[in-house]
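Asks: Chain residues, written in single-letter form:
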Amino acid sequence: MIEEQKLIDIEVKDLLSQAGDLCKSGYRLVQIGCTKLPETLEVNYSFDKDYKFINLKVKLNDLTVALPSLSGIFWSAFLYENEIHDLFGIKFTEMAVDYKGNFYRTAVKRGFNPQNE
Amino acid sequence: MNSPKRTIIPFGPQHPVLPEPIHLDLVVEDEKVVEAIPSLGFVHRGLEKLVEKRDFIDFVYVAERICGICSFIHGLTYCIAIEEIMQIQVPARANYLRVIWSELSRLHSHLLWLGLTADAFGFEALFMHTWKLREKILDIIEETTGGRVIFGSSKVGGVRKDITPEKLAEIIFKLDSYAKEIKEITDVFVNDSSVKHRLVGVGILSKQDAYSLGAVGPTLRASGVNIDMRKLGYAAYKEIDFTPVTETSGDSYARCLVRIRELFQSIDIIKQAAAKIQPGELEVKVSGTPNGEFFARTEQPRGEVIYYVKANGTRFLQRLRVRTPTFANIPALVKLLPGCQLADVPVLVLTIDPCISCTER
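Read top to bottom, the protein sequences are chains A and B.
Sequential numbering of the first sequence, starting at 5, is according to the working numbering.
Sequential numbering of the second sequence, starting at 6, is according to the working numbering.
Honestly, I wouldn't trust all of these hints.
Keeping only pairs whose Cα atoms sit at most 30 angstroms apart, straight-line, the calculated DSS-like set for lysine-lysine is [claimed, not checked]: (1) A:LYS61 <-> B:LYS54; (2) B:LYS243 <-> A:LYS53; (3) A:LYS63 <-> A:LYS10.
Note that these hints are calculated values from the structure, not bench results.
Turn these sequences into a full structure, and let the hints guide you.
Replies: Listed below in structure tokens is the structure:
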């Protein structure tokens, strides 16, 4: 194993507080990504400090639920959130920069969304 | 007094300094940039989606084709993700060969960047001399892998090609000679007044901003942050003695200096790997299918790349997510542009070494 990776499942309501704690502890946002599961979507928020990797995992059972944006804590989060919005159709509230679905000019809108298959 | 009139100038997606399409809306007051808004997606390929239809062993070919510059490290990072999930022990010789090809990738990528930057500020002779050197590195890559763009030498479980001890000795001899030529060329970047005039004090990214914005690679290290994913010890890097190259001024000149010093560091790493590599197997047999998830992190020439793989025990992966270094450096670019002159924008965009092909995976 190259490195130990902490993968932590959390609820949507705990996302901002957990991310805020990591920010205060000096972690940087490494990436945000979304994964399609058989009946749900899973959003991964990855952080790093001194090569220690932590990943917060949020499961979204209802695709109409909007996730709170992390861009108020980690400004760069807006890029990842706009990407996820355009590819998967997940909504985010209070993004620092909201491209309103125009971040990616893909031929198929929300091409990674399960409802498109 | 009236505030200065603001104008929005579109920069890209087609622009002489941009080999690939990215767009910036530059809000300017006279010639001064006050805000920059990026947009992407002109050539988004959706390659991540292909994992649902391609066998996980074969997908390394697709991963390598995400980018034509850091192709080898894309393939390698994908292989590492699969190998970690399947707990495959890659033979030591394969790991050393992976280090050698990774550093050859870094050499040709940084030389490419130096040439493009010289071209961007109109120093054509320097551009051509730099790329002449880069050709020699590509020749080594072709001699050892058969490819100049796509190496095709990494596979899940090891590597496909070997480098004989005689060939390795020849490569080291050549690299010693090239190091002298690289020194001559890079001395111009370091000392020439016209180059310094375009780079020193331009586009300063503070240490705090670089870290908090999630910048990676030379863009991050030029601001004084000592983070280099090779220190994780993947492949054979745990056996290599090196210290990440950092600078502290955070300007365009510092980003240039980091890449120049990394050229010599890459040659040193290749020499260390050549001295330590032992005869042995090139690969292990891979049986079964992956089941689990892993975030593989490696250091590309442009910085940290992440391959997240989630597998469900079938031959088709559930998810592949690639976070490329250029994507991570875009927030830093957006922060360092305000305050600069419009004429400096092309050079500033280049100083993050943007790779849109990676970003539009």
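Asks: So, for every hint listed, does it hold in this structure?
Replies: Hint check:
For the suggested pair A:LYS61 and B:LYS54, the alpha carbons sit about 21 angstroms apart, so the restraint of at most 30 angstroms is met. For the given pair, B:LYS243 sits about 19 angstroms from A:LYS53 by alpha-carbon distance, which is consistent with the 30 angstroms threshold. Of the supplied pair hints, the one linking A:LYS63 and A:LYS10 holds, its CA atoms being roughly 17 angstroms apart against a limit of 30 angstroms.
Of the numbered hints given earlier, the model fails none.
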